[in-house]
Each structure stands twice: as C-alpha cells, then as structure tokens.
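Asks: Could you put the whole structure together from the sequences, leaning on the hints where they help?
There are 2 protein chains.
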Amino acid sequence: MKKSFGPKTLLFPTPAWVIGTYDPAGKPNIMTVAWGGICCSSPPCVAISLRKATATYGYIVERKAFTVNVPSPHQVAQVDHAGMVSGRHEDKVAVLGLTATRSELVDAPYMAEFPMVLECRLLHTLEIGLHTQFVGEILDVKLDEAAIDGAGKPDLGRMGAVIFAPEQRAYFGLGEPLGAAFSIGKTVAPLGRKQPDQE
Amino acid sequence: MKKSFGPKTLLFPTPAWVIGTYDPAGKPNIMTVAWGGICCSSPPCVAISLRKATATYGYIVERKAFTVNVPSPHQVAQVDHAGMVSGRHEDKVAVLGLTATRSELVDAPYMAEFPMVLECRLLHTLEIGLHTQFVGEILDVKLDEAAIDGAGKPDLGRMGAVIFAPEQRAYFGLGEPLGAAFSIGKTVAPLGRKQPDQE
Numbered sequence: 001m002k003k004s005f006g007p008k009t010l011l012f013p014t015p016a017w018v019i020g021t022y023d024p025a026g027k028p029n030i031m032t033v034a035w036g037g038i039c040c041s042s043p044p045c046v047a048i049s050l051r052k053a054t055a056t057y058g059y060i061v062e063r064k065a066f067t068v069n070v071p072s073p074h075q076v077a078q079v080d081h082a083g084m085v086s087g088r089h090e091d092k093v094a095v096l097g098l099t100a101t102r103s104e105l106v107d108a109p110y111m112a113e114f115p116m117v118l119e120c121r122l123l124h125t126l127e128i129g130l131h132t133q134f135v136g137e138i139l140d141v142k143l144d145e146a147a148i149d150g151a152g153k154p155d156l157g158r159m160g161a162v163i164f165a166p167e168q169r170a171y172f173g174l175g176e177p178l179g180a181a182f183s184i185g186k187t188v189a190p191l192g193r194k195q196p197d198q199e
Numbered sequence: 001m002k003k004s005f006g007p008k009t010l011l012f013p014t015p016a017w018v019i020g021t022y023d024p025a026g027k028p029n030i031m032t033v034a035w036g037g038i039c040c041s042s043p044p045c046v047a048i049s050l051r052k053a054t055a056t057y058g059y060i061v062e063r064k065a066f067t068v069n070v071p072s073p074h075q076v077a078q079v080d081h082a083g084m085v086s087g088r089h090e091d092k093v094a095v096l097g098l099t100a101t102r103s104e105l106v107d108a109p110y111m112a113e114f115p116m117v118l119e120c121r122l123l124h125t126l127e128i129g130l131h132t133q134f135v136g137e138i139l140d141v142k143l144d145e146a147a148i149d150g151a152g153k154p155d156l157g158r159m160g161a162v163i164f165a166p167e168q169r170a171y172f173g174l175g176e177p178l179g180a181a182f183s184i185g186k187t188v189a190p191l192g193r194k195q196p197d198q199e
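So the sequence lines, in the order shown, correspond to chains A and B.
Be aware that the first sequence starts at 1, since it is given in my numbering, and climbs by one per residue.
Be aware that the second sequence starts at 1, since it is given in my numbering, and climbs by one per residue.
Just so you know, these hints were derived from the structure itself, not from any lab.
A portion of the hints provided could be inaccurate.
Given that identical chains are not distinguished, each listed pair holds provided it fits within a single copy or across any two copies.
Said to hold, decoys possible - List time: in silico DSSO-like cross-link candidates among lysine-lysine, alpha-carbon distance up to 30 Å:
hint, residue 1, residue 2
1, Lys64, Lys52
2, Lys27, Lys64
3, Lys3, Lys52
4, Lys52, Lys2
Model, not experiment: these values are computed from the prediction.
Replies: Encoded structure:
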C-alpha cells in the first residue's frame, strides 16, 4: 500500500552538480544545482534548471555557456556551500579555495579541483514555471586520474558521487556495483527481441 | 591534469527510472530511461528524454501521461531488462512479473512493486536531436513503507537507489549519508549572505 505525498519535487536520486559561469566583469562564479540530467544523445546535451533570481541565470543568458563540475564525496561541504549563497554576495570560488580554469571551448570557467567537468554551450532555453531550463550541448568531458580506471576508462566507482535527496534534504555517497548494464537484465528472462540501447 | 573524452553523454551520476505508459489498446508498457531529472519546482516537473523509435514515445504523445517508477537495488535486473527490449516485441510487465496499477490521476499505469512512483501529465515537448524531451507535471508522488522512515518521511537511505553510469555501462547502489543539505556547507566558511534554497 503506497502513501501519497502530493505534487512535489520528490524524486530519488538527483545529482548535485556545480555550475561554472563568468559574471559580466569576467569573474568566475559557481552555483550548485540538483535539477538536471542528460537530455539528448546526439547532439550530446545536458539540461539544468535555474530560477531567474539566481546570478547564474543571467550569466548563462549573457554568455550562452556553462560548465558542469561533478564533485567527489569529500567535496560535499563545498558543494552545499555553493548552493546556499549567491555569487552576488560572496566570491564563492575564492571562499571555497577553488581554481577557476578558462575553458578553451566555451565562454565559461571550470573548477580544476572537481574530478569531472563538462563544457557546454547553450542550445535551448525552456520556460517552465519557477525554473527556466537551459539545454547545453556538451562539447567536451574532462576527467581527472581520480575518475579513470587502470585501462584509461571513466570509472564512477573510483570517483564516487554526491547524490542529493530532495525533500529529505540530505546527501549520500555512491554504493557498490550492482551489475553490468545491457547485460544483467538477461538473467531475469531471455529478451523478446533485441533493440538498440534505450540511450 | 584532466584528460579529454570528447563530446559525449558522459556524466555521473544518472538515474535508472522505469517509465509506465498505456499502448493504444490500453495494455501497460514499461521502458527504462537514464536521460532525465527534475526540471522545475513550481509546478513540480520532471523531464525524461526518449528516442522517437521507442514504443513509449508514441504512447506518451497519444495519452499525454506517464509514470516514473523508481526502483530499489534488488530490482536492478528488471530495470536493465526493461531497457533492452521493446514493448512491441515483449509484454515486459508480464515477463518481469510486475503488477500494473491504473493511476487515478493520469492516463498511465504505475508498477506496484517499485517503492516510489510519480504520476505525470505531459506539459511540454522539446525536440532536441536524436531525443525528444517530455516535461511532465508531477501530480502525485507515492511511496511504499520501504521508502519511508519511522517518522513517516521519505528516506532515500532506506529505499536505496539504482544509479547508472553512462559510457561505463554499469549500475551502482547508494552509499552512506554524507551530510545534511543546506547545512554542511556552513562548516567550510560562514555564508556571505543567505539566499533562498537554490532549488
């Protein structure tokens, strides 16, 4: 028997990503978002949603670019801090001791300390309600050694993750491997007929 | 020093959610998606992206409704299976032994076995490229006891999660609590000035 919680932004899991932008003077700014996700495979795109009241909103509209900086669990306090105060009132990059690096692909900075960064140029803007959704085309993904396995491939297990639980207002880390995708499902039942990946 | 992986849908973490719809004959269908996320707080909305080639794409266009079914780790093989075969070739609900329940709010079924379900009506459709993004307004969120703590509140830690790693093509579970949101960030530095939650 399920219990109703009503119309809420209650959905598990959501990410906690740090968005990098430049302000009008060219000063780097960051802001944490939990509303977002991949939204297209070709062109590769990520969507993030922001309130118009945020400083980052205006910076993305102006520069048509942003970075997505993906933290490791030990960076959770920095991530949380960047979500609580506006760049209008604090130089968050300086306060958090981060190193802003100019992207060579888009007009936005990424933070060297985060193990994974995506450089995105603005492709679409969708007005939904309190939030505006920005769809960014992913021009490059860069990873630290901390996020790469011995064979040179991306490894979430090695990097770890910061997972946000809306409504519960809590962060969690990454757990154990559960299995190989496009594979473990065959153990339940043989496939009716194979289809290309749902991605 | 960061290593470039190029323009890819490589972003950690992404979810693995099971989308419930009705086909034209009213038969329940499910499909797994990893491209999606919350996209607005008011009205509360979730975005999911699908290729036009999927059966679910047409069913959402037709019925203007879908459910988001959120699995626990022990359901990972079912989740993976539902992402590998089309509802045109297999009755996935039957094969996976799931119980389709008609939503009283939208024209779509949810699966009783998943601990968390969102009932959504289609609000926007955005053509991006290979994928089309559907924005659904969340009319209700329903949780099982398995996802609720002793005080009657949603508890991701109790429910667990299935987290998908794109490119790596692997699933991971949920890890340990990392801290309280809108709180742990104050341990890094005092806040410049408080701002309403970034949500």
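Asks: State for each hint whether it applies.
Replies: Verification of the hints:
1. Lys64 <-> Lys52: both (15 Å within a copy, 28 Å between copies)
2. Lys27 <-> Lys64: Cα proximity of Lys27 and Lys64: one copy only (15 Å, versus 44 Å across).
3. Lys3 <-> Lys52: neither (33 Å within a copy, 34 Å between copies)
4. Lys52 <-> Lys2: neither (35 Å within a copy, 32 Å between copies)
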